[in-house]
Amino acid sequence: MGELAAFIILACVTLIPAVVVVTSGNIVRSALSLIPTFLGVTGLYILLHAEFVAGIQILIYAGAITVLILFVIMLTAGGTGTRIRQVNEQVPLGAMAAVWLGFLILLVIFRTRWPYTATPAPQYNVASIGTAFLTDYVLIFEVTSLVLLVSLIGAIIVARREE
Amino acid sequence: MLQYAWVIPVLPFIGFWWIIFAGRRAPGQGAYVAIGAMLGAALLSVAAFIEVLRGARYDASVVWATVLNRPIEVGYQVDPLTSVMLLVVTVVGSLIFIYSIGYMQGDLRYPRFFAYMSLFASSMLLLVLGNNFLTLYAGWELVGLCSYLLIGFWFERPAAARASMKAFVTTRVGDLFMFLGILLIFLQLGTLNFNEIFSGVETGRLAGGLLTLAAVLVFGGAVGKSAQVPLHVWLPDAMEGPTPVSALIHAATMVAAGVYLVARAYPLFFGTPGHEALTVVAYIGGITAIMAATIGVVQDDIKRVMAYSTISQLGYMMMGLGVLGFTAGVFHLMTHAFFKALLFLAAGSVIHAMHTNDIKQMGGLAKIMPITYVTMVIGALALAGIPPFAGFWSKDEILLEAYHYDQVLYALGAAGAFLTAFYIFRMIIYTFTGSLRSHPAHPHESPRVMTVPLVILAFFSTVIGLAGAPWWDNPFHHFVRFEGAEGAAFDFEFALRSTAIAGLGVLSALVVYHWRLVSAASLRRAFGPLYIAVVHKYYWDELYQYAVIRPVVWAARRLRTFDVYVVDGAVNAIGVVFVWFSRLYRVFDLYVVDGVVNLVAWTAKTMGGVLRYGQTGRPQNYLLIIALGVIALVVVGVIR
Amino acid sequence: MHVGLTHYLVVSTILFCIGLYGVLTRRNAVAILMGIELMLNASNINLVAFNRYLAPGAVGGQTFALVIITLAACEAAVGLALVMAAYRSLETIHVDEINVMKW
Chain A
150 MGELAAFIIL ACVTLIPAVV VVTSGNIVRS ALSLIPTFLG VTGLYILLHA EFVAGIQILI
210 YAGAITVLIL FVIMLTAGGT GTRIRQVNEQ VPLGAMAAVW LGFLILLVIF RTRWPYTATP
270 APQYNVASIG TAFLTDYVLI FEVTSLVLLV SLIGAIIVAR REE
Chain B
860 MLQYAWVIPV LPFIGFWWII FAGRRAPGQG AYVAIGAMLG AALLSVAAFI EVLRGARYDA
920 SVVWATVLNR PIEVGYQVDP LTSVMLLVVT VVGSLIFIYS IGYMQGDLRY PRFFAYMSLF
980 ASSMLLLVLG NNFLTLYAGW ELVGLCSYLL IGFWFERPAA ARASMKAFVT TRVGDLFMFL
1040 GILLIFLQLG TLNFNEIFSG VETGRLAGGL LTLAAVLVFG GAVGKSAQVP LHVWLPDAME
1100 GPTPVSALIH AATMVAAGVY LVARAYPLFF GTPGHEALTV VAYIGGITAI MAATIGVVQD
1160 DIKRVMAYST ISQLGYMMMG LGVLGFTAGV FHLMTHAFFK ALLFLAAGSV IHAMHTNDIK
1220 QMGGLAKIMP ITYVTMVIGA LALAGIPPFA GFWSKDEILL EAYHYDQVLY ALGAAGAFLT
1280 AFYIFRMIIY TFTGSLRSHP AHPHESPRVM TVPLVILAFF STVIGLAGAP WWDNPFHHFV
1340 RFEGAEGAAF DFEFALRSTA IAGLGVLSAL VVYHWRLVSA ASLRRAFGPL YIAVVHKYYW
1400 DELYQYAVIR PVVWAARRLR TFDVYVVDGA VNAIGVVFVW FSRLYRVFDL YVVDGVVNLV
1460 AWTAKTMGGV LRYGQTGRPQ NYLLIIALGV IALVVVGVIR
Chain C
2 MHVGLTHYLV VSTILFCIGL YGVLTRRNAV AILMGIELML NASNINLVAF NRYLAPGAVG
62 GQTFALVIIT LAACEAAVGL ALVMAAYRSL ETIHVDEINV MKW
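Protein chains in written order, with our numbering: chain A, 150 to 312; chain B, 860 to 1499; chain C, 2 to 104.
If you're looking for bench data, these hints aren't it; they were derived computationally from the structure. Possibly wrong hints are sitting among the right ones.
Derived coverage of chain B by chain A (criterion: at least 3 residues anywhere in the stretch with Cβ under 8 Å from a Cβ of chain A; other residues may be distant) [to be verified]: (1) 1475-1484; (2) 1492-1498.
Now the in silico label distances, taken between C-beta atoms and shown as ranges [said to hold, decoys possible]: (3) L298/A to V1489/B: 51 to 57 Å; (4) P241/A to V11/C: 21 to 27 Å; (5) A1463/B to I207/A: 37 to 43 Å; (6) V1497/B to L219/A: 24 to 30 Å; (7) V1489/B to E152/A: 18 to 24 Å; (8) P264/A to V1494/B: 54 to 60 Å; (9) G5/C to I184/A: 26 to 32 Å; (10) V1489/B to V11/C: 14 to 20 Å; (11) V1489/B to L153/A: 28 to 34 Å; (12) V1497/B to V240/A: 56 to 62 Å.
No residue lacks a Cβ here, since even glycine has one placed at the ideal position from N, Cα and C.
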């Protein structure tokens, strides 16, 4: 029962700020609302026994990306006033699409018979993930590194002030 | 060495192209090119002549085409007749070319003149070198073309343009007969090679009336080219060309081509039954000789006197050939080429000084132009037939042959000889003695480039006849001869008679025009109707005007009417029909074809106009569509 | 009642749809990026949940999630750099005003 209670609390912590993120007229409030959402997701990872992923989630999402977004908001101050209309004209259509898609996905989820394996929750550790990265998934690891490097350089070049 | 004889016509041919393309940039504005080529040809001709003298002969052919399984060969030969002609053409030609430098000085189309002259020389050499009728005919037509171009060289003058056309068309009439004759021979014997034709005549494969017909038809070409009666009318008018042209083409070489043709095809004429064809040749020649001589007496244009003289002398040559005097005819051809070229060039010198052709306006030029005077008198003596000048030997021989063959022809010839001496000295007296009758003129002796060729030609005119003189066993007779037409031996008494006739002519001219013992007017009255006929040139031109030109023009007018109303009408009717068809097609085109094309374009445009609204340029619209698409896919997946 | 795979999938679906709504409706490019982050988080929850319940012996789902986190960081860096560049040249970060591709 404790697990279910924790799950419900974490789901609420995740979803309610998420709604604020997409609806708030204040862009700064939206950005700040991202933090509880990310933290809620982190909690869900812990519930799923994925502690390493949870750690990375806090480091990158809650730490880096949120700060980055706040910086950009600050630097593009001209486009972020609360008086400025923040939504476009396809709100009804977008909402409808989102609701219908969610409904359909839920429908699919409930109609699907998942092949559960009745195994007790295993104890994951960082060592096994690291081993997987450097053995089975080494190619993905390398390519990802490359993408990271390229995007780093690309971001610097794109964002650099024109001489 | 004779196998290289083909180089002789090629040299002037190269000269022709060089001058045509280089124009005034060619050495000496083309004159040096032409003269160089001609001198080269002359040297080669002399070399060839010496070879032939030593007994060498050459004859070679290659198959050019095959018609009706019969090979048509072209080739060239060098024999005594050809070598003499080569010599005459190139030597006289070279001298005339040199003379032309002075005569044509400052002419508007100076290089073109030399180009045409070179082309003419090349064609003439081709004509005489050919060993078959095809090559000969090609050269024949080419010299006709050059004659046309050179008579009409000053085509700004309407008279020259008309004269060139007249010459071309008149000779074409003769050429047509010649062509038919050649065709007849080809159909009968299947060859155009002279030697094969002659052997065909000898073996009787072509004989009787057909042979006579072929020979007379071929002679038709010679009549046109050599200005024999009745196709002589073009030559006097041809004097509209520059004087060197008259000297080279219309005195020395091209007009002699007809004589050459008869001489070359002599077995053809000789083989006819009873020498029928030769009789035709002889009578045409005799009539021409006397008729042209009488007209020459009343001409006042210095060049026309020469022209009628040329016609007359060509008549003598024909007569000589016709009366079985093969050697005499060819001999007269050679001597005539030299002394007539001399006379023409001297006349050109006079014209150059006086700027007029009318001898009545000249006079007293003997003191002003001594070289021209002396050389012209030599030429006149040669023409008149006074020994020892060239004309005497050849003309005496012709008269001798005629005397032995037919008394009528002899009478014609003798009368012609008298008249020849008369009219040429009439001209000399009018031109050179007395006093100048045209006061505005300031005559002067011609430059050396013109007088030197005169002197050289005068030298030749004096000595060349000795080649046929009896004292050294008559070398020309042994060189150019025809079996069966050897001719009579030299007859001293007869020669005296010929000389007497010529002397009488000269004397008469002196009596009438120099000493004026008998007035020309009284002579005119005495001859009355004959004089009128002669002045009108026996009405030949009028005859052609009424008998040929008017009917032809009339027929042309009728045919034009037919053309305009019937042929054009038919064409126009077809045109109208097609215009209507095309109008129908136009409607079809406009509304159906264009309609389809426009429909396609309109469809594409309209669809584009509608579809472009889908391209908003806003990613979020696209994203929404993607989301809806995903929904649709999921719906499809769920329903299935 | 046990917390099962379905619970996590429902949460992730809702989060994904919220993110989609944000992406479809916000004018601000930064806000659109936030929506995208939400959607990426939803997919990450899915991956980790599937790893936990359907293949507990393996770590494929978690490694995949880690790769996606990395790529999300890249995407955020490049995307935000583009926003900066667009803002500098066009003086706006509203995507409906950045319409030079428009007909």
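Here is how each hint holds up against the structure:
Counting residues of the stretch 1475-1484 of chain B whose C-beta sits closer than 8 Å to any C-beta of chain A gives 3, which meets the bar of three, so the coverage hint holds. Residue count for the stretch 1492-1498 of chain B with a Cβ under 8 Å from a Cβ of chain A: 4. That meets the three needed, and the coverage hint holds. Separation of L298/A from V1489/B is about 32 Å and departs from the stated range, judged on CB atoms against 51 to 57 Å. Taking 21 to 27 Å as the suggested C-beta distance range, the pair P241/A and V11/C conforms, at roughly 25 Å.
In this structure the hint that A1463/B and I207/A lie 37 to 43 Å apart at CB is violated, the actual value being about 57 Å. Between V1497/B and L219/A the beta carbons are some 41 Å apart, a value that contradicts the proposed interval 24 to 30 Å. A hinted range of 18 to 24 Å for the beta carbons of V1489/B and E152/A is inconsistent with their spacing of about 33 Å. Taking the beta carbon of each, P264/A and V1494/B are about 25 Å apart, not inside 54 to 60 Å as hinted.
Distance hint check for G5/C and I184/A: the Cβ-Cβ separation is about 28 Å, which falls inside the suggested range of 26 to 32 Å. Distance hint check: the CB atoms of V1489/B and V11/C are about 19 Å apart, consistent with the given range 14 to 20 Å. A C-beta distance of roughly 32 Å is found between V1489/B and L153/A, which places it inside the suggested range of 28 to 34 Å. At about 26 Å, the beta-carbon gap between V1497/B and V240/A misses the expected band of 56 to 62 Å.
Of the hints listed earlier, those the structure fails to meet are numbers 3, 5, 6, 7, 8 and 12, in rising order.
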